[in-house]
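To convert a position in the sequence shown, counted from 1, into the numbering used here, add 329.
No lab work stands behind these hints: they were computed from the structure. It is possible that some hints are incorrect.
[Stated by the list, open to error] Pairs of lysine to aspartate or glutamate, EDC-like flavour, derived with a Cα cap of 16 angstroms: (1) K548 with D593; (2) K453 with E428; (3) K453 with D427; (4) K453 with D433; (5) K507 with D433; (6) K564 with D402; (7) K453 with D471; (8) K458 with D433; (9) K640 with D658.
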Amino acid sequence: MSASFRSQWSLDPEVVFLNHGSFGACPTAVLQRQAEFRARLEAEPVRFLHREIEPLLDDARTALAAFLDADADDLGFVPNATAGVNTVLRSLRFAPGDELLTTDHEYNASRNALDFVASQWGAKVVVAKLPWPVPSAQAVVDAVLPHVTPRTRLFLVDHISSQTALVMPLAQLIAELKSRGVETLVDGAHGPGMLPLSLRTLGAGYYTGNCHKWLCAPKGAAFLHVRRDLQDAIKPLSISHGHNSRRTDRSRFRLDFDWTGTHDPSPMLCVPEAIRVVGGLLPGGWPEVMASNRAKVIAARNRLCARLGSKPACPDDMVGSMATVGLPDGYPESPEPPLYVDPLHLRLFDTYRVEAQITPWPRPPHRHVRISAQLYNTPEDYEALGSALEALLR
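From just these sequences and the hints, can you work out the full model?
Encoded structure:
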């Protein structure tokens, strides 16, 4: 790890940490800011939660909206992107025979939510199978569009797929589906902080993203962006006091999402600090942070592919701050993910203190390693992974 950047995080110095993508990592300065908010909350809970929280949330939402190029009135805070996906799916109404479209790369938790909601309404989940390896972004579009029918009511898609680290051609997919009368729900768990993002121009009906991953805020900070014309139908999973509020100074959407019951709001309040701290680590700010991480992970992927005799699974223009490298097959009888932890994953950590995700894909025994790149990672980190894999795969 780079000493200059690593000192900004609290990561274990004995671990080569190459899995920022799973849960993120929060800089020490942001954690200190969170501790300050928590101290204020516990010093006088009523004052903080009754009288101080609203302007603090407004400030956090304004900072996040500027970062995402969005209108603050279209953003609601949620604890994580999974909650955001569930919020939209549980709010919408479907009819028997309706079709809910997704891809075979969709995150398991979101796919589970889609299956559950479909079963409640008698709707059908339609899965577009993407080619693997993926030759181009256009190949993804070409794989999805034939599955759109007059019965298609919603398209659920990852911005960046969790298992395969693919940056999906979002703008084209959203536009194509919209032209066919279908709204898109984007599971943007990895989007904010990994890729430049303008929700104002993207045009998705619904976009939910985490702030604790690549934005490096504390765990428990995420958002749901709902286009203005669709907001009336979307309600938080927990209905609370905003539902019958008579206030007219802000939208019902904000009233509903600003208070969903007592919880610790400090992760959300720290979003502006996370944006400031991480964006201040390089002279070019967030654009340079994103570009640096992307260049780092592409170089690492290419080097690992050469060492392990693998080939990149997608072109460079479909890579963000994560990438995959194919590995020799594992055990044929391995359970399907996410219930399965490959023994190679555990041996990497237990023997070499390397934290990197081993994922069965597209199904056991096939598998790959997913690597992440954050400012604290160095070329030596990926060399350590390569050496460990060479030793363990002999």
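Hints, one by one, checked against the model:
With a CA separation close to 11 angstroms, the supplied pair K548 and D593 stays within the 16 angstroms bound. Distance check on the hinted pair: K453 and E428 sit about 5 angstroms apart at the alpha-carbon level, within 16 angstroms; holds. Pair hint K453 plus D427 holds up; C-alpha atoms about 6 angstroms apart against a cutoff of 16 angstroms. Between the alpha carbons of K453 and D433 the distance comes to roughly 15 angstroms, so the proposed pair stays at or under 16 angstroms and holds.
Distance check on the hinted pair: K507 and D433 sit about 21 angstroms apart at the alpha-carbon level, beyond 16 angstroms; violated. Of the pairs offered as hints, the one joining K564 and D402 holds, with about 15 angstroms between alpha carbons and a cut-off of 16 angstroms not exceeded. Our distance criterion of 16 angstroms between C-alpha atoms is broken by K453 and D471, whose separation comes to about 21 angstroms. At most 16 angstroms may separate the alpha-carbon atoms for a hinted pair to count; K458 and D433 meet this at roughly 5 angstroms.
With a C-alpha separation of about 15 angstroms, the suggested pairing of K640 with D658 holds against the 16 angstroms cut-off.
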